[in-house]
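Chains B and F, in that order, are what the protein sequence lines are. Mapping to our numbering: the first sequence position 114 is 201, numbers consecutive. Mapping to our numbering: the second sequence position 78 is 164, numbers consecutive.
Think of the hints as simulated: they come from the structure by calculation, not from any bench. Fair warning: there could be bad hints in the mix.
Quick look at which bits of chain B chain F covers, simulated, 3 or more residues with Cβ under 8 angstroms [to be verified]:
id: 1; stretch: 162-174
id: 2; stretch: 189-202
id: 3; stretch: 221-231
id: 4; stretch: 248-254
Note that the structure is a prediction, hence the values are computed from the model and not measured. We treat Cβ as the ideally placed atom computed from N, Cα and C, and that holds for glycine.
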Amino acid sequence: MTAAPLAFTTDRIGWEPWVEPLAEAELTEAHREALVDRARAASPYFRLLARDPGILHARTKTDLDIFHNADGGLPRAERELAATATSRHNGCVFCASVHARFAEHYGRRPDDVRRLLDEGVGARQDRLWRAIVDASVALAATPPALTGDHLDALRAAGLDDLAISDALHAAAFFNWANRLMLSLGEPTAPEAPVKE
Amino acid sequence: MSTDIIDRLAGVEPGSPLDRLRRRRPDAREHAQRGYLALFPQDTGSDTGGGGAGEVSLVERYAVAAFVAGLHRDPASARHYDDLLAAHAPGLAAVVSAEVEAATTTGPYGIYPEGPLAAESVPGPAHRVGDRAALGDRLAAALEHAHLLVFRPREADPEALRALARAGWSTTGVVTLSQLVSFLTFQIRIVAGLRLLRTAQKGTRP
């Protein structure tokens, strides 16, 4: 293991748990079902969460629908932007690295993604990305600070209610994901196979 | 009234525009509900289908949830979990409510390690419970950990998990506790977002 990355990055970094995941050999059929994608048995993160398979299964199915359901709504790039902005604001270097790469890939706007990581959530963005970053940051606050003005800005940037709901779901989901990745282990370099 | 907990807390009526919108993402809707039921099995003794079900008691789950919902200051969510706790452990409800009172702040904040992010550090309080005797060691440690996760997740470290272990939390119990707190930070934000969307759709937004 190399030293943990100290700054936000789009590099493929790894993640290492602080407590013991289940061993691959210990995984029962119920555990494997909870992983949803069976290839995740290789990931220490998912094998750690597999200790409580009921909530892992719900977590994963919720995640997949929020980010992958392509029946209208917000484009994938902007869902990934909401995930990245939330992770940047909460301080999850690992989550931000994964979803910044997705945002880059789907949005083809690497400079805008880079600026979000380097300068933070206040970095200059166009109207749509500004509205999504601001709503994500407001929603990440405890207590949540999202207001009707954030929804108005999203609407003014061209989003309908389904797209706005998608943005809020992607941002809200990463409040869940960030806390698991931040509190059960830490990022490492180089890459280990895990995705959150 | 919908039996879906997010619908109930956000005031989403069956057949309303927001209900139809939620059903465009059927897996997210269904599994947010299943996650809730996995973490909060409705009847004592029922199996959640999860290996972690036995490691964290229902009362512990309700107490942590009432604390987390209280910290988010969402009245509908806070009332829901307060009521569950009061129904299952009447003596604990006031104790947890006092902890919420003492622990309330605004997040996220926290110190980054030495390095390029140190300039973004925002120092802030860690919560130490006031009434350890009334809560017991396990629950006291759980509330302190929940406060860390809610307000300063970037400060989480291996020592925080060791503190849970010293208070009697197994590794599987730690996973369930972490999921419960983290899931609630999602559920409460979905509720807040949908409620705001509903208000906007009615044209009566404040």
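Under the constraints set out in the numbered hints, which ones does this structure not fulfil? Numbers 1, 2, in rising order.
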